[in-house]
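There are 4 protein chains.
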Amino acid sequence: MTENSRTLLDQASPEMRAAFSDRARLQGMLDFEAALAKAEAALGLIPTTAAAAIAAECRAEDFYVTRIARGAELSGNAAIPLIAALTEAVTARDPEAARFVHFGATSQDAIDTGLVLQLRTALGLFEVELERLGRALIALIDQHRQTLLVGRTWLQPALPIPFGLKAAGYLSALGRVRQRLRELRGRVLVVQFGGAVGTLASLGTRGLEVGARLARELELGLPDLAWHTQRDRVVEVGATLGLLAGGLGKLARDISLLAQWEVAEAFEPRLPGRGGSSTLPQKQNPVGCAAILAAAARIPGLLATLFAAMPQEHERGLGGWQAEWDTLPEVCLLAESALKHAVQVIEGLSLDPGRMQANLSRTRGVVVAEAVSLALAPLVGRSAAHQLVEGACAKALAQDQELFAVLAELPDVTSRISLAELQGLCDPSRYVGVAEELCTRALAEYASITRSQA
Amino acid sequence: MTENSRTLLDQASPEMRAAFSDRARLQGMLDFEAALAKAEAALGLIPTTAAAAIAAECRAEDFYVTRIARGAELSGNAAIPLIAALTEAVTARDPEAARFVHFGATSQDAIDTGLVLQLRTALGLFEVELERLGRALIALIDQHRQTLLVGRTWLQPALPIPFGLKAAGYLSALGRVRQRLRELRGRVLVVQFGGAVGTLASLGTRGLEVGARLARELELGLPDLAWHTQRDRVVEVGATLGLLAGGLGKLARDISLLAQWEVAEAFEPRLPGRGGSSTLPQKQNPVGCAAILAAAARIPGLLATLFAAMPQEHERGLGGWQAEWDTLPEVCLLAESALKHAVQVIEGLSLDPGRMQANLSRTRGVVVAEAVSLALAPLVGRSAAHQLVEGACAKALAQDQELFAVLAELPDVTSRISLAELQGLCDPSRYVGVAEELCTRALAEYASITRSQA
Amino acid sequence: MTENSRTLLDQASPEMRAAFSDRARLQGMLDFEAALAKAEAALGLIPTTAAAAIAAECRAEDFYVTRIARGAELSGNAAIPLIAALTEAVTARDPEAARFVHFGATSQDAIDTGLVLQLRTALGLFEVELERLGRALIALIDQHRQTLLVGRTWLQPALPIPFGLKAAGYLSALGRVRQRLRELRGRVLVVQFGGAVGTLASLGTRGLEVGARLARELELGLPDLAWHTQRDRVVEVGATLGLLAGGLGKLARDISLLAQWEVAEAFEPRLPGRGGSSTLPQKQNPVGCAAILAAAARIPGLLATLFAAMPQEHERGLGGWQAEWDTLPEVCLLAESALKHAVQVIEGLSLDPGRMQANLSRTRGVVVAEAVSLALAPLVGRSAAHQLVEGACAKALAQDQELFAVLAELPDVTSRISLAELQGLCDPSRYVGVAEELCTRALAEYASITRSQA
Amino acid sequence: MTENSRTLLDQASPEMRAAFSDRARLQGMLDFEAALAKAEAALGLIPTTAAAAIAAECRAEDFYVTRIARGAELSGNAAIPLIAALTEAVTARDPEAARFVHFGATSQDAIDTGLVLQLRTALGLFEVELERLGRALIALIDQHRQTLLVGRTWLQPALPIPFGLKAAGYLSALGRVRQRLRELRGRVLVVQFGGAVGTLASLGTRGLEVGARLARELELGLPDLAWHTQRDRVVEVGATLGLLAGGLGKLARDISLLAQWEVAEAFEPRLPGRGGSSTLPQKQNPVGCAAILAAAARIPGLLATLFAAMPQEHERGLGGWQAEWDTLPEVCLLAESALKHAVQVIEGLSLDPGRMQANLSRTRGVVVAEAVSLALAPLVGRSAAHQLVEGACAKALAQDQELFAVLAELPDVTSRISLAELQGLCDPSRYVGVAEELCTRALAEYASITRSQA
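Residue numbers (my numbering), protein chains in the order written: chain A, 13 to 466; chain B, 13 to 466; chain C, 13 to 466; chain D, 13 to 466.
Possibly wrong hints are sitting among the right ones.
Here are a few chain A residues that face chain D, going by a calculated C-beta distance under 7 Å [to be verified]: (1) D34; (2) S268; (3) L314; (4) Q334.
Listed next, the in silico SDA-like pairs over lysine to any residue satisfying Cα-Cα at most 25 Å (straight line) [stated by the list, open to error]: (5) D:K295 with B:G403; (6) B:K295 with B:Q356; (7) D:K295 with B:A417; (8) D:K295 with A:S430; (9) B:K295 with C:R82; (10) C:K295 with A:A406; (11) A:K407 with C:E274; (12) C:K407 with A:E274; (13) A:K295 with C:S441; (14) C:K407 with C:P423; (15) C:K407 with C:I429; (16) A:K407 with C:R82; (17) B:K407 with D:E274; (18) A:K295 with C:R442; (19) A:K407 with C:S362; (20) B:K295 with D:K295; (21) B:K295 with D:E402; (22) A:K407 with A:S430; (23) D:K295 with B:T159; (24) B:K295 with B:P281; (25) C:K295 with C:R197; (26) C:K295 with A:R442; (27) B:K295 with B:E108; (28) D:K407 with B:A370.
Which bits of chain D does chain A cover? Going by a derived footprint, with three or more residues having C-beta under 8 Å, they are [to be verified]: (29) 20 to 26; (30) 76 to 83; (31) 159 to 167.
Worth flagging that the hints you see were computed from the coordinates, not collected in a lab.
We treat Cβ as the ideally placed atom computed from N, Cα and C, and that holds for glycine.
Bound conformation, chain A alone:
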C-alpha cells in the first residue's frame, strides 16, 4: 500500500481500471507521439530512423509517474513533462531523432488523442459486458414470460405483470444504449490534431496530410477540425454512459425492492461471504444492487461537471478542460462497475415464483379490480361499476376476503355476470393484456439493434 493510494473502494473490473490507470494515460499519449512520428516519416517530413527511435521509446513503463506528476503540476499538464522525458530518452538512443519528437503537435493533441485511445478500449470492454448482460436478460425474459407478480406503481400494487416483461424493460433500455454507443463512435473515435491553435501552422501546408496519416496509424477518424475547445465529443460519451447507468440503477432499484424481506420475490445470487453482516447472522444484503445504485447516484454529478465545463476559452481553455481530466474516466469506471455488478446480479438472479403468486393472492384480488370494473361498466354504467367495485375492494381488504367472494355475494353482480365469468375476471393470469407479445417485440427490437451493430 502506498501512502497515497485511493483504490480501496474502486469496483470497476481490473481491465477497466487498467484502461484508466496512470500508465494507460501515459501510454495513450505515447501512442500518439509514436504514430505522429511514423506518419511524418512516411510523408518524408522526418527521417525514418528518427521515427523508429521515437517509437522505440514510447513505452509507458519506462517513465516515472511521480516525476511526470510533479512536472504536470508545474507546467499545467502531463504532456509537457512526458514529452520532455521522452525527448531525453530519445536523445540517449539517437541524438538526431530527439528534435523530431512531438513535431508539429501541441500537448493537447497528445492528451486528447490519448484519451480517445483509452475511450476506445473502454468502449470495447463495455460492448462485451453489454452483450453479456443482454444475453442474461434474454434468458430471463424467455423463461418468465408467464411468471406473474404484482405490478407496482407508486410502490403500491396495481395490476399483475409477468416478470419477463419487467426484464424486457431492462433489455429495451440496454438496446437503446447500444444503439447510441454505435452512433457516437464516428464522432468520438477521431484524432485530436491541430497544433497550438488548431491551424497546424508548424507543418506549413502539409498539416492535413499528416493528420490523415496519423489517423490511419491509430485507426481513428480525422475530424473536420481540431476540437480543443469544442468538447461535445467527449461529453457525449459521458452522457451516454449516464443513460446506461440510469437504466442499470432502475434495474437495481427494482431488484432490491423485490428482495425486501416482506416482498421476497427476487434475490441476488447467494455466495459465501456475500452480503453478510458483521453482527447479524440472518442478513443477506443486496450488495450488488447497492453498488449499482451508488454508481448511478455518482455519475449525474460528474456529468454536470462535464457539461458545465464546456464553455472553454478561445483556442485552449483555462480550468474547464482540466476539470474533465479525471471526471470522464471516473464516469467510465463507475458505469462499468455498475455494469459488471448488473451482469453478476442478473446472471445469478434467483426468483421465487411461488412467493410472487402468494403476494398476488395476498392482495385478495384487488389487483384485478380494474378488470371487473370494466366488465361491469357496459352493464350497469361506468360510474356505478366503479363505485360497486371500489366498495367490494374495501370490504375484501377489511374482512380479509377474496374480492371474488365478496362480489359473488352481490346480486347486482351475480344477476349480470355468471360465477364462472366472474372467476375468470378475478384471475390475475387472465388480466395481463398483451404482455407476451410485448416481450416478443422487445426481443425482436433488441435483436435488430445488435444485428445492425455487427
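Given chain A, work out where chains B, C and D should sit, using these hints.
Relative to chain A, chains B, C and D alone:
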C-alpha cells in the same frame, strides 16, 4: 400581473414559452385523449360518436388551470383531475360518450405522450433556429477566412488564427448537435401507451392494435414497450440540448472575451437601450453573451437531476418521474433562450479587423516565435534555436521592439537566414498553416450533415 | 390562463409563491429604492420631499411586468427598466424628485437587496413550518417510544427499533437545520450596497453613512463590503435548504417504504380524492412522499448551479450572477413545498402498530438472533455461538418456525440457558438497548436548540 | 507505478492526500476499534487485556489493502473484511481477546467515525492554509489600498477601484468560510455509534456510557443519536468546502483575466518551468489559476451527489451512503488543491501598477464619466447632464481624446464648472469613494472572526 407569476426573467422565445406553457401541457394530454378515442373508434372498440364527443371537448382553453393544479396536488399528477374535468365536459355533451374517456390508458400515458408532443414542437423550433444560426456562421466563415487575430490559449497569445476558423469551430459543434437531434428523433418521438403497468390489460388482446393506430393518429412512432420507468428517451433530449448549450456557451465565452475593452475585437450588436447601465454612460455590456452563459450554466445542474432521477421504481416511479416534470421543459426553454440570443449575437456581430491586426502587432511578433524557432532548428540545432528565440522574445517584450528587429541584429540568425526570409517568418499571415482548408472542411462537413437531414 | 404561465405543477404554499412572484421581486427592488431615498434624505443628501415622492411610487402593483421583462432582456437585468419606469412615475408626481431616484446605487444593489428581503420573508415562513413539523414529530416520538417495528438496514430486517426513535432521527436533523438557519442570518440578512464597483464613489465620503442608514431602514445588517461577486451568502441559503430537503427526503423515503402494501406499517393521511388512481379503484398512492422526494431530487442539481456560478468576474459577473436569479428562488420554493408536504404527512400520519408487531413476528425471531448469539458467546465461544445461531436462523426460516422453538430443541443451547431466559432473549421488546433514552436525548437537544433560538 | 494507480493528476498536498489515502481510511476505522475496546474495558465490559491486545493490532500498515478491497466488494463495505482481518490478527496474539473485537458496534459505526477522524485531520490542514492565505491577502490589501486599476463589470470598464479592495473581497469571503468551519465543528466532530439500528441493543443498558467514553477516547463529541441515515453532518462539510472553492475560483478567475496579455496587470509567480509551453517559447500560462478553476468546476457536481444521496433508507441506506464514500474525500482533496494553489498564487503575485494606471488612462477618462455626470446634474438637470456626458464619452472614444479635453471645449460645461474642478472630476484617483475605509472594515471583520476562533 398575477400574484404568483414567475416569468419576469424568462428569455425563451414566445413560441417556445408557448410550447411549454401550462396550456400546452394540458393540450398535449388532451391531444392524447382525443387521438386515443379516435383510434379506439376506428377499431370498433368505442362508438364513433363517443370519439367525436370526446375530441370536441379536448381544448385546453376550456379548462381551469388553477382547478387542475389543485387536483394535481391532491391526486399526485395533472392527468387525473384533467381527465375528471374532461369526463364532466363530455358528459354534458353526450353522457354515453363519457364512459369512453381515457379508455384503456393510464394517466402517465397521457402525460408522457403529451410531453412528447411538446418536445416535437420544441424540436421543430430548435431546427429553425439552428438552421438560422448555421447560416449566420457560414457567412462569418466565408467572410473571415483570412481575417487574422491572436489565437489564445490559457488566455495568453499563442499563434495567429483567422476569425473564420474560430467560427468554423462553432459551426462544427452545431453540426454535430443537429446530427444527434436527428438520431434521437426515432427514439423519442414515440407514444407512451401501456395502461397501468405496461401490459395494456384493459384492452384485452387488442392493445397493440390500439397503440399502432394511436401512434398513427399522432404521427408518432410506436415503441417496442411502454417506457413508464425507462426514462432514457427523455433524458437524452435534455443531454443533447445540454451539448448544444455547452457549445453556445463556448461561443459566448469567446465573444465576451473579445469584447473586453482591452481587446475590443468583436462586439455584440449595438442597439438602442441594449447593454446600457443605469449610472455609467459609457457602458456597452455584452448582454446576449451573459444570457447565453447563464443558460449554459443552469442546464448542467438540471441534467444532473434528470440523470439522477432515472432509477425509478417498478412500473411507475415515486419521486423520480415527478422530478422530471418541470426540469426537462426548463432545459428546453433555457437552451432555446441561449440559441435565440446566439442568433442575435452572431447575426449582428461586429468585428474590428483593424484592432485584431493591432493586437497581433502589439505582441511584437512573439506569436510567430514558433515559426522562427522551427526554421532555425535545422540550422543550429533545436535546443539552440529554442533558446535563441526565447531570448529574443524576452528582449523584444522588455524593450518594446519587434521580434524581427531583435533577430535581425543577431549574427547567429542573420548569418543563416536572409532578412527577407526572416521577415517572412515573422509575418503572422504566413503562419496560419491549413486554416483555410480547415474552414472548407468544416463547411463541407456541416453541409453534408444538413443535406442528409433533409 | 395566460399563454405562457408555468405554474400548473408548483406545490409551494401560496405565501411562499407570493414571496417569489414577479411582483415580490419588483417590490423587493422598490423597497430598496424607497429606503435608499429615505436614508439619503435623513442624511441631508437629497430633499425630504424627493424621498417622499420616490417612496410613494415604490409600489410593485403599479408597474407592468411584461414591459419590465422586455426591458430586462434588452438591458441585461430587471433593475434598469424598473428604475427607468420608476423615474418616469416619480417625474409625473414631482419632476424635481426624479433626479434622486436610485441616487448613488447600482442596479445590482437593488436586485440583491431585494433578493435578501425576499429571503427574509422566506426564512420567516420556513421558521413557522419548521416549528410546526417539529411539534408534530415530538408528538410522534412521545407516543411511540415503545411502538416496535422491524429496523431495516440495506432494506433487510436487522433489529427491532421503536418508531419513536425513527421519528427522533427526523427531529434531530430538523434541529440542526434550524441551528444552521439561525447561524446564517447574520451573514445573509444584510444589504447589498456598493455602487458600480463597490466603492460607493458617487456618494463621495458619505457612502458608509448612507449604507448604515439604509440598512437600518430595511432592518438589515451592513456588511463589511459589497458582495456583488462574492456569492457565498446566498449560496449558503441554498445549501442549508438543501440539507433540509435531504432530511425531508429521507423521511419521505421511509414513510413510502413503510406504506408499501407488503409492509403496511405507516400511511399518509387518507383524504377524499387524495392519492387515488384514474383507473385502479384500490389505489392509495403516497402522493405527499412523492412530492417531497421529487423536491429533494430537484434541489441538488440547482445547488450545483449555484456553487458552479460562484467564480464571477471582477466587480460584476457575466453569466454566473444571472444564473442565480431563478435558481435560488426555485430552491426555496421546492424546499418549502417539501416542508409543507412533510407537515401534512407527519401531522396526519397513520401508523399500524399491530402490523408492525406482525411483521416483527413474521421474521420468526431472526431479528433478535444477535441477542441470542451474544448470550451464547461467553458460554460456548463466540464463533461457535455465531455458527449455532446462524444455523438455527436458517432452519427457522426454512421451516417457518420461531427461532425460539428451533433453539429450544438444541441441547447445546438448553443445557446452558434456561427456557425462560431463552424466551427473554427472543423477545424483541427486550432487545432495544437505550432506545428510550435516545428519544429523550433527541427531544432535549431539539428543545435546547429551539430555546436558544428564541 | 502500479497498473491501476490513478494519481497522476492529483494536486492536493501530500499531507491531504495522506489524510484520505487508503491507509488513512483503514487507520480511521482501526482507531475506532481500538478506542471502542478501551472504552469498554474502562467500563468493565471487556477485559483490559483484551482491549490492549486489540489496540496493539490496530495499525493500518499491517493490513493488505487489496485483500480488504476484495472483501469490501463481496460484503458491501470495507469494515467487514477489516474487522475479520483484525479479529484474525488479535486471535494470533490473544485468542481470548478476539471475541471482543468490534463488540457492540456495527460496521457503519467504524466507517463513519473513521471518516470523522479523517475530516478532523483535514479541517486542521485547511485551518493552517486558510490562515496562511489570509495573511498573504492582508499584506496585499495593506500594500495596495491606493493602487488603482480599472474596476470591471460585465467584463467592461466601470469605475476605478484600488486593488486592495479587490483583495479585501477575497479576504472577506475567506473570513466567512472560516466562521462556518468553526460553526460546523460541533456538529461534525462527533462519533458515530449506534449498533445495527441505532439502539445500541447489544450493549444492553450501557450503550450511552460506552458512547460517552468512546467519544472521550477519540476526543470527539457524542451526538444525541446515531446518524447512520441522517447525513447532513458530512454533507455540510462538503457544502462549506464548496463555498471555499467558489471563492477561490472567483479569485483565480480575476487573476487569470488580469494576466491576459492585453490587460497584463497581475501575474502568477514566474518560476523556472512553470506555465511554459511545449512549442511556444513566449508562453507564461496561469497554471495555478487553471488548477483552482478546475477544482472549483469539479466540486459542485460532487456536492450535487452528496445532497442527492441524503434520502437514505430506514436504519441504513442502500446506495446513497455508498455514493458518499469516495465523493466527500474528493471534495476535500480538490478544495485543498485549490487552496494550496491559491496560497502560491497570492503569495507570489506580481502586480504591475504602472500598467494598471496605463489601462485606466487608455479608457480616456470614461471610467469617471459618472463623476462628471453627477456634478453637472444639479446644474443642468440630471437628464441633460447624462446626455451631455454620454455624447462627450462617445466623442472622446471616437477621436481618441481625453474626456477632460472634450468636456473642456463644451461651453455648457465650462460656463458652470471651472477647469480646475473639471480636472478634479476627471481624476480617477479622486473617484474611489470610501474604498480605503472599506479595506479597513474588511480587515477588522476578518480579524474579529479569527480572534474569536482562537
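Now the hints, each set against the structure:
Checking A:D34 against chain D by beta carbon gives a least distance of about 4 Å; that is within 7 Å, so the hint holds. Hint status for A:S268: holds, given a least beta-carbon distance of 6 Å to chain D, under 7 Å. The interface hint given for A:L314 holds, since its Cβ lies 6 Å from the closest Cβ of chain D, which is under the 7 Å cut-off. Taken as an interface hint, A:Q334 checks out: its beta carbon lies about 4 Å from the nearest beta carbon of chain D, inside 7 Å.
A threshold of 25 Å between alpha carbons decides the hint, and for D:K295 with B:G403 the separation of about 13 Å falls inside it, so the pair holds. At roughly 19 Å between alpha-carbon atoms, B:K295 and B:Q356 fall within 25 Å of each other, so this suggested pair holds. Taking the CA atoms of D:K295 and B:A417, the gap is near 20 Å; set against the 25 Å cutoff, the hint holds. As the CA atoms of D:K295 and A:S430 are separated by approximately 90 Å, the hinted pair breaks the 25 Å bound.
Taking the CA atoms of B:K295 and C:R82, the gap is near 19 Å; set against the 25 Å cutoff, the hint holds. Under the criterion of a C-alpha separation no larger than 25 Å, the hint pairing C:K295 with A:A406 is consistent with the structure, at around 11 Å. Simply put, A:K407 and C:E274 have alpha-carbon atoms about 18 Å apart, close enough for the 25 Å limit, and the pair holds. Taken as a hint, the C:K407 and A:E274 pair is honoured in the structure, with Cα atoms around 18 Å apart against an allowance of 25 Å.
This hinted pair checks out: A:K295 and C:S441 have alpha carbons roughly 20 Å apart, not beyond 25 Å. Taking the CA atoms of C:K407 and C:P423, the gap is about 16 Å. The hint holds against a cut of 25 Å. Note on C:K407 and C:I429: the hinted pairing holds, with a Cα-Cα distance of about 20 Å set against a maximum of 25 Å. Taking the CA atoms of A:K407 and C:R82, the gap is near 60 Å; set against the 25 Å cutoff, the hint is violated.
With a C-alpha separation of about 18 Å, the suggested pair B:K407 and D:E274 falls inside the 25 Å cut-off, and the hint holds. Taking the CA atoms of A:K295 and C:R442, the gap is near 20 Å; set against the 25 Å cutoff, the hint holds. Taking the CA atoms of A:K407 and C:S362, the gap is near 20 Å; set against the 25 Å cutoff, the hint holds. Proximity of B:K295 to D:K295 is assessed by CA-CA distance (about 32 Å); at most 25 Å being required, the pair is judged violated.
The hinted pair formed by B:K295 and D:E402 meets the criterion: a straight-line CA distance of about 10 Å does not exceed 25 Å. Restraint check for A:K407 and A:S430: satisfied, since their Cα atoms lie roughly 21 Å apart, inside the 25 Å limit. A distance of roughly 23 Å separates the Cα atoms of D:K295 and B:T159; the hinted pair therefore holds under the 25 Å criterion. For the hint linking B:K295 to B:P281, the alpha-carbon distance of about 14 Å falls within 25 Å, and the restraint holds.
Distance hint between C:K295 and C:R197 is unfulfilled; the C-alpha atoms sit about 44 Å from each other, more than 25 Å. As the CA atoms of C:K295 and A:R442 are separated by approximately 20 Å, the hinted pair is consistent with the 25 Å bound. A hinted pair counts as satisfied when its Cα atoms are at most 25 Å apart, and B:K295 with B:E108 does not qualify at roughly 67 Å. Between the alpha carbons of D:K407 and B:A370 the distance comes to roughly 21 Å, so the proposed pair stays at or under 25 Å and holds.
By the rule of at least three residues with a Cβ nearer than 8 Å to a Cβ of chain A, the coverage given for the region 20 to 26 of chain D holds, with 5 such residues. Residues of the region 76 to 83 of chain D with a Cβ under 8 Å from some Cβ of chain A number 5, which satisfies the need for three, so the listed coverage holds. For a cut-off of 8 Å, the count of residues in the region 159 to 167 of chain D with a CB near a CB of chain A stands at 0, and the three-residue condition is violated.
The structure does not agree with the numbered hints 8, 16, 20, 25, 27 and 31 stated previously, though it agrees with the rest.
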